[in-house]
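Read top to bottom, the protein sequences are chains B and C. Just so we're aligned: 68 in the numbering used here is position 68 of the first sequence, and the numbers increase by one with no gaps anywhere. Numbers given in the numbering used here equal positions in the second sequence, counted from 1, plus 1000.
Treat the hints with caution; some may be incorrect.
The calculated lysine-lysine pairs, modelled on DSS-like cross-linking and capped at a C-alpha distance of 30 angstroms, are [claimed, not checked]:
(1) B:Lys391 to C:Lys1192
(2) B:Lys66 to B:Lys98
(3) C:Lys1230 to C:Lys1259
(4) C:Lys1259 to C:Lys1326
(5) B:Lys391 to B:Lys98
(6) C:Lys1056 to B:Lys390
(7) B:Lys210 to B:Lys98
(8) C:Lys1326 to C:Lys1056
(9) C:Lys1326 to B:Lys391
(10) C:Lys1286 to C:Lys1192
(11) C:Lys1259 to B:Lys390
(12) B:Lys210 to B:Lys66
Derived, one-sided and incomplete: chain B residues facing chain C with beta-carbon distance under 8 angstroms [what the hints assert, rightly or not]:
(13) Leu34
(14) Ile38
(15) Asn51
(16) Asn122
(17) Thr239
(18) Glu365
(19) Ile367
(20) Leu375
These are calculated hints, taken from the structure and not from any lab test. Yeah, the Cβ is synthetic: ideal placement off N, Cα and C, and Gly gets one too.
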Amino acid sequence: MQQQVPSISQTSEAKTSFWHDPDRLAVFYQALALAVVILVGYYLFTNTLTNLERQNIATGFGFFGKEAAFEIGESLISYSAADTYARALLAGVLNTLKVAVIGIILTVVLGTIVGIARLSSNWLVSRTAAIYTEVLQDIPVLLQLFFWYAIFYEILPSPRQAVNPFSGVFLSNRGMVMGVPESHPAHIGMLVAFAAGCVAIWILRRWARKRQEETGRIFPVFRTSVALLLALPVLAWVTGGAPTAMDVPELRGFNFVGGINFSPEFAALLLGLVLYTAAFVAEIVRAGIQSVSHGQTEAAMSLGLRPGKILQLVILPQALRVIVPPLTSQMLNLTKNSSLAVAIGYPDFVSVANTTINQTGQAIEGIAMIMAVYLFFSLTTSAFMNWYNKKVKLVER
Amino acid sequence: MTAHSTKPAYPEIKPPVTSIGLIGWIRANLFNSWFNSILTLLVLAGLYKIVPPFVKWAFIDSLWTSSSAECHASGGACWSIITANIRFILFGFYPPSEQWRPLAAIILLVVMLLVTRNRTWWHRSLLWAWAAALLVMWTLMRGGFIGLTTVESTQWGGLPLTLVLAIFGLTAAYPLGVILALGRQSRMPAIKALCIIYIELIRGVPLISLLFMSSVIFPLFLPEGVTVNKIVRAQAAIILFTAAYIAEVVRGGLQAVPKGQFEAADSLGLTYFQTMRLVVLPQALKIVIPPTVSILISAFKDTSLVVIIALYDILKTTQATLSNPKWMGFSTEAYIFLAVIYFVSCFFMSDWSRRLEKDLSI
């Protein structure tokens, strides 16, 4: 009996028991978690392999090179049913990007307008904006898509009796057609001039900031930038021969010819996504502007800044810091929600991938591709936004 | 001295009529500058173009209990599509003679929600009441005891299915989300990495890809002969999806708990689990109640996505009604009806969350 006493004191001195040593427990828990994940993964993997073998489904991405043999309603690249699956999927990705990019731009514009309208001193305007955000936020986006799509194919008339809300714009159950300027070499010149203007503004801003830091003299950057952005393309347009011819859609036979045509699927998808997401963006913009305390405006006024300068130098930099992170997640939401296109028949990536799955039976590869593409969009957007966030972050001294 | 106490000889002058009352209000709120005046006129013009025709269509010219033929002849809204098919839209393929059961379950749910809305009722007993109520709802829907015939979950549809997917989705996703959030804050690198990968992976992909996975790939994961009901699979996808979002919300709450709380718990000699259960989580979860409600709202809206994998939730039953040749062409009315249902439910929740936010911040 006496021999045991020193042995106990020895062990308790040397080390605590296994269950009370946080370091060794940590290793144990992590090993356990990893083992569970690996075992479950292995179990599912073997099950899948046997199931695939039993159903004679080939694995791998060999189907990429095969003929797709299905049509895609609209595509940014030339595509026909004789092309490969790879090209069909690429057309799908481009369609997703098309609706996402146009949608994000329109959403930010509309959301900002509605968000500012909610803060308007005009009772009617602020109430209308409040009702808009409240109602559209609370209705599922899929239901809104179905609703707009139904408006297009059920309510709107055939092209012969198309609704003409503005001159050059026609709404019918075949979609929306719009007049555009006829293509002319001067337009390319205008694009180049616009890009040159952007570069010039970037250089000008750097120069103006440097000069202001050194000499204190302020250069009217904003007005010069606007002037440059407007004047350079106009100059290119005039030197290019000032083409004014418009490509106006005309009714020939059963449909419109000319102009640019948005299919009902695209128009409904864009309308639904933009109206839904803009309601959330409006809330974000409103909260961002309200987060800048009124004292900041008063302090800026007492320094003698003009209202435009107050907005530019005091309010916006602080509001953007609050607005940008949630705005990013709304942009990603819009991109992810564009996958609902499959429900109304717009050939986005998910829709094309879904058809591919149905034709080839290669579900795992198809869904892995869908996930990979959206993950890529998400990660690149958040990487870009993290960079931007770091740029506008408050520099604390 | 007395002159000061007497009333002035001249009568009190009232403010001009243009600055008080209705006219004053209109001047102050609608026409206080030339820009606002133009805005007011523009909005009024827009409302005049939209509202009267809508009222005429939706109420004055509308038909409520007619046959489909009369609807096709009339120019107004045909609400008859709702009244004639209300049982199918709300309850799907649930046996008609038994439809009082889902109705009773929904009423029970609404009562529970109204009770929960009142914060003076927030006790531990309310949690038990919720557990009991969920059990009662489940048995009511499922049946198979004291004279109630069994209704398999494959026959569930309409509004009950939407509610089941949302409520069980959130109840099951909540603990999972808390575990994931704790894992993400953990000091153990392997567990932290696993949780981060899971959360970011799920948040990076659309819900629809998970639903496709549940309907197409999940059967491949199972050994031969084992099958899982399609509704359960979709439910699992919604749970896994919602959990990642809850994890991010809970993480925000965990980060808001001051470090001193952790240190105080450590100095009391509490273990990790005791610290979390007794000190950190009660504070963190209270902070995140309002954002959790907004996740509940989006989970409720997101259940509509099961339409794409052909489950008969309330949106799919409505579409099935619309594909009936008799009722074709009345999508607008049917979708407006659904929008009202969703709006009322979501507005109830978001209004409640706003009030909570105000209460909790004081």
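* Asked: Against the structure shown, which of the earlier numbered hints fail to hold, in ascending order?
  -> 3, 4, 6, 7, 9, 12, 14, 17 and 18
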